[in-house]
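Peer 1: Okay, here's what each chain looks like letter by letter:
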Amino acid sequence: MSIESQPQQYRIDPHARFRVMGDEGVFVLQEAREVLVVNQVGAFIVKELEGARSLDELVAAITERYDVDSKRARADASSLLASLLKAGAIKQL
Amino acid sequence: MSALTVEFAGSRYRFAGLNPEQDGRVRSRFQALLGRDEAVADVRVDIHFDPNSSAFMRRPLGPVEYPIAVVPSDKSIAVAGIGFTANIDRSPLRAQMQTCLSDEWFLGAFENLFRIIACHRIFSEGGLILHSAAFTDGARGFLFCGRSGAGKTTLCGLADELDFEILSDELNAIRPVGGSFELLAMPFAGDFGGEPRCHPPYPLTGLLGLAHGATPSVYPCSKAQSASRIVASCPYVNSDPALVDELTSRVAELIVHVPVRILSFSKDVRFWSVLDHEYRIPTAAVSH
Numbered sequence: 072m073s074i075e076s077q078p079q080q081y082r083i084d085p086h087a088r089f090r091v092m093g094d095e096g097v098f099v100l101q102e103a104r105e106v107l108v109v110n111q112v113g114a115f116i117v118k119e120l121e122g123a124r125s126l127d128e129l130v131a132a133i134t135e136r137y138d139v140d141s142k143r144a145r146a147d148a149s150s151l152l153a154s155l156l157k158a159g160a161i162k163q164l
Numbered sequence: 002m003s004a005l006t007v008e009f010a011g012s013r014y015r016f017a018g019l020n021p022e023q024d025g026r027v028r029s030r031f032q033a034l035l036g037r038d039e040a041v042a043d044v045r046v047d048i049h050f051d052p053n054s055s056a057f058m059r060r061p062l063g064p065v066e067y068p069i070a071v072v073p074s075d076k077s078i079a080v081a082g083i084g085f086t087a088n089i090d091r092s093p094l095r096a097q098m099q100t101c102l103s104d105e106w107f108l109g110a111f112e113n114l115f116r117i118i119a120c121h122r123i124f125s126e127g128g129l130i131l132h133s134a135a136f137t138d139g140a141r142g143f144l145f146c147g148r149s150g151a152g153k154t155t156l157c158g159l160a161d162e163l164d165f166e167i168l169s170d171e172l173n174a175i176r177p178v179g180g181s182f183e184l185l186a187m188p189f190a191g192d193f194g195g196e197p198r199c200h201p202p203y204p205l206t207g208l209l210g211l212a213h214g215a216t217p218s219v220y221p222c223s224k225a226q227s228a229s230r231i232v233a234s235c236p237y238v239n240s241d242p243a244l245v246d247e248l249t250s251r252v253a254e255l256i257v258h259v260p261v262r263i264l265s266f267s268k269d270v271r272f273w274s275v276l277d278h279e280y281r282i283p284t285a286a287v288s289h
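For the record, the sequence lines run as chains D and W. Count along the first sequence from 1, then add 71; that gives the number in our numbering. Count along the second sequence from 1, then add 1; that gives the number in our numbering.
Rather than coming from a laboratory, the hints here were simulated on the basis of the structure. Be a bit skeptical, because a hint or two may be false.
In the DSS-like style, the derived pairs of lysine-lysine whose C-alpha atoms are separated by at most 27 Å in a straight line are [claimed, not checked]:
hint, chain 1, residue 1, chain 2, residue 2
1, D, Lys118, D, Lys157
2, D, Lys118, W, Lys268
3, D, Lys142, D, Lys162
4, W, Lys268, D, Lys162
5, D, Lys118, D, Lys142
6, D, Lys142, D, Lys157
7, D, Lys157, W, Lys224
8, D, Lys162, D, Lys118
If you're wondering where the values come from, they're calculated on a predicted model, not measured in any experiment.
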């Protein structure tokens with residue numbers, strides 16, 4: 072099942088630590104012993120995930136913040152969510 | 002039973018309860034760093050010899066890297082490795098080690114535990130220990146962080162060819178001093194380096210990550226990439242839930258004062274001319 076067809080909300084995994092540094096963001100994933108960097112848009116999305124957000128809510132936030140259409144925003148957010156889920160940086164609620 | 006004190010990076014570590022064979026091995030290894038026994042120790046480690054080897058992780062049959070388990074909890078850190086277990090109390094920082102080892106395997110167990118204790122001690126003093134290589138040209142200190150295979154030992158070998166002083170190709174410490182940072186040698190070396198030696202602190206001039214490239218170059222790194230590299234290079238502390246927030250704050254402060262750059266190099270000494278130029282200390286000059 073793709074991310075798009077799921078109604079779930081997402082948020083930062085409680086075991087992960089996130090911090091914005093400069094224009095980007097850093098995830099410290101202690102359980103996986105990994106440190107991830109997300110770019111500027113990724114950092115914006117992850118900051119949104121400090122609270123529970125659905126994909127639709129993320130797309131709305133991205134299009135309001137950046138000059139991008141909702142199709143592109145949805146594709147970017149879906150891709151990022153999938154990567155962060157796989158890494159254990161965020162979780163589905 | 003005997004006791005001894007090992008002193009480096011401004012801290013004294015007192016090890017008590019050593020049997021004669023253990024004592025001899027530790028004294029031999031850390032000879033240059035043995036401190037005065039009557040001095041007050043910053044960290045005390047009590048060692049209990051238990052000859053019942055079935056109570057501990059067994060030795061492997063062939064050559065192997067020392068596996069070690071480190072489990073942090075709120076008030077202490079549990080450690081287990083081949084032939085030993087240990088508990089490290091966070092505050093005050095002190096440790097108890099149980100071991101069935103006295104032979105050459107003891108030194109491996111001892112150093113494994115000592116690394117962890119030293120990481121926590123230096124962190125508690127405001128510093129950081131990084132999985133890194135470091136050398137000095139006598140005036141400037143350069144630290145290169147990176148995981149295994151990044152090229153740390155290779156770089157140390159090249160720096161050695163240039164007659165620079167190698168601090169360690171495995172673990173090095175940095176700590177803030179005023180508005181800058183200083184580089185401190187740790188008595189733990191990987192493939193490169195022999196007996197631990199006393200080193201003075203050096204100014205941390207260059208803080209770099211490593212990359213492989215045909216032509217040597219130094220290029221900047223974003224703040225997030227810098228922080229990522231540094232945090233990933235801080236063993237034990239970066240996997241401790243009680244310390245990770247302080248760690249990221251400290252790293253954020255560090256990279257403001259000493260920006261991280263990337264050294265791209267190949268296996269030859271040409272890297273030095275690039276590095277030397279990048280970090281050349283400005284000298285006073287008058288032009289007419």
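Peer 1: Does each hint hold? Answer for all of them.
Peer 2: Status of each hint after checking the structure:
1. Taking the CA atoms of Lys118 (chain D) and Lys157 (chain D), the gap is near 18 Å; set against the 27 Å cutoff, the hint holds.
2. Simply put, Lys118 (chain D) and Lys268 (chain W) have alpha-carbon atoms about 42 Å apart, too far for the 27 Å limit, and the pair is violated.
3. Our distance criterion of 27 Å between C-alpha atoms is met by Lys142 (chain D) and Lys162 (chain D), whose separation comes to about 23 Å.
4. For the hint pairing Lys268 (chain W) with Lys162 (chain D), the CA-to-CA distance comes to about 43 Å; that exceeds 27 Å, so the pair is violated.
5. Annotation: proposed proximity of Lys118 (chain D) to Lys142 (chain D) holds, straight-line Cα distance about 21 Å (limit 27 Å).
6. At most 27 Å may separate the alpha-carbon atoms for a hinted pair to count; Lys142 (chain D) and Lys157 (chain D) meet this at roughly 23 Å.
7. Distance hint between Lys157 (chain D) and Lys224 (chain W) is fulfilled; the C-alpha atoms sit about 24 Å from each other, no more than 27 Å.
8. With a C-alpha separation of about 14 Å, the suggested pairing of Lys162 (chain D) with Lys118 (chain D) holds against the 27 Å cut-off.
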